[in-house]
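Q: As given, the protein sequences belong to chains A and B, one line each in that order.
Note that my numbering has the first sequence beginning at 33, numbered continuously upward.
Note that my numbering has the second sequence beginning at 33, numbered continuously upward.
It is possible that some hints are incorrect.
Identical chains share a label here; the pair holds if one copy fits it or two copies do between them.
[As the list claims (entries may be wrong)] Here are the simulated DSBU-like cross-link-like pairs (lysine-lysine), alpha carbons at most 35 Å apart as the crow flies:
| id | residue 1 | residue 2 |
| --- | --- | --- |
| 1 | Lys165 | Lys149 |
| 2 | Lys119 | Lys165 |
| 3 | Lys180 | Lys120 |
| 4 | Lys180 | Lys152 |
| 5 | Lys165 | Lys120 |
| 6 | Lys180 | Lys119 |
| 7 | Lys120 | Lys152 |
The hints are simulated quantities; they were obtained by calculation from the structure and are not laboratory data.
Here the structure is a predicted model, which is why all the values come from computation and not from measurement.
2 protein chains.
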Amino acid sequence: VTAVLSLYETAVHSAWIDYNGHMSEAYYVLIFGYATDAFLDHIELDDAARRAEKSSVYTLEAHINYLDEVAEGTPVRVESRILGYDKKRVHLYHEMFRADSASPVAATELMLLHVDKSDKPAASPFPARTAEKLASIATRQAPLERPKYCGRIIGLR
Amino acid sequence: VTAVLSLYETAVHSAWIDYNGHMSEAYYVLIFGYATDAFLDHIELDDAARRAEKSSVYTLEAHINYLDEVAEGTPVRVESRILGYDKKRVHLYHEMFRADSASPVAATELMLLHVDKSDKPAASPFPARTAEKLASIATRQAPLERPKYCGRIIGLR
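Pulled out of the complex, with its shape left as it was, chain A reads as follows (with noise of 0.2 Å):
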């Protein structure tokens, strides 16, 4: 049993490509962005609780690293980590492979942010379930290494 989740995979649509047949930037943020939104689904944060406790989850702040160029039609999956969480927030790692490769062609770590909406959006505390489904996700990825694309800085040496 692998402490990775694998909780995403797609094929990549003809809408993401560029003008040189490859998947545009934007687009693998599009496909990061479901793979957190698969993520919140496993720690029970889906968008049915959110709204029925006026809840929401902002991701406050990315870094993506693009690997290699994907072409139209290629199945991608994304393995998904924690490599922290408080009680408001989770510092999550993405990466994204194609089906029949080892080798990452995109990876991305975010912050996000849970938000109460209820008045003013304000930062709140996660709800319970959700607080222990994430204790458990990092007990059972504590002994993975870190990551190769986490902690950086963008600047030329």
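Given chain A, work out where chain B should sit, using these hints.
A: Coordinates of chain B only, in the frame set by chain A:
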């Protein structure tokens, strides 16, 4: 005369809106991508030139700060700066604003690489006209203060 480049503006399309009525993450990146295209036009590395020279410009890495929600139809504009460059790379910075506001709704920094695609794709120096444009932009922008959303690492403190 401002040293910051204002090269791209658009209204937020309905197809870019999520189930909460606000623009999805991926479409901030799409807009920034169009602003990058406009920047490449500005430094004389437009699509026609790239085709003629069998070159391309790859985005290696991106960092995004999502600062505010944006509703359908909102007019937005992007301001662009270079934070550095060398013979083959540009460290580019964009901020996105509502047309009527001085507070950004998002910021991104990008590392771009010029690539020769005449054979197997390989990093390659910018053509002389582009190197001259970059030097001229950098000189004009040198007095500007370092922007707020650059050089950041994602993590829980």
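Q: For each hint, tell me whether it holds in the structure or not.
A: Going through the hints against the structure:
For the identical chains of this complex, Lys165 and Lys149 are intra-copy neighbours only, at 22 Å inside a copy versus 47 Å across copies, given an alpha-carbon limit of 35 Å. For the homomeric pair Lys119 and Lys165, the shortest alpha-carbon distance inside one copy (12 Å) is at most 35 Å, but the shortest distance between copies (48 Å) is not. Proximity of Lys180 to Lys120 under the C-alpha cut-off of 35 Å is found in both arrangements, the shortest distances being 25 Å within a copy and 24 Å between copies. Proximity of Lys180 to Lys152 under the C-alpha cut-off of 35 Å is restricted to the inter-copy arrangement: shortest distance 26 Å between copies versus 38 Å within a copy.
Taking the shortest alpha-carbon separations for Lys165 and Lys120, only the intra-copy value of 13 Å comes in at or below 35 Å, while the best inter-copy value is 45 Å. In this assembly of identical chains, the alpha carbons of Lys180 and Lys119 lie at most 35 Å apart whether taken from the same copy (26 Å) or from different copies (27 Å). Proximity of Lys120 and Lys152 under a CA criterion of 35 Å is satisfied intra-copy only: 17 Å inside one chain copy versus 47 Å between copies.
In this structure, none of the earlier numbered hints is contradicted; all agree with it.
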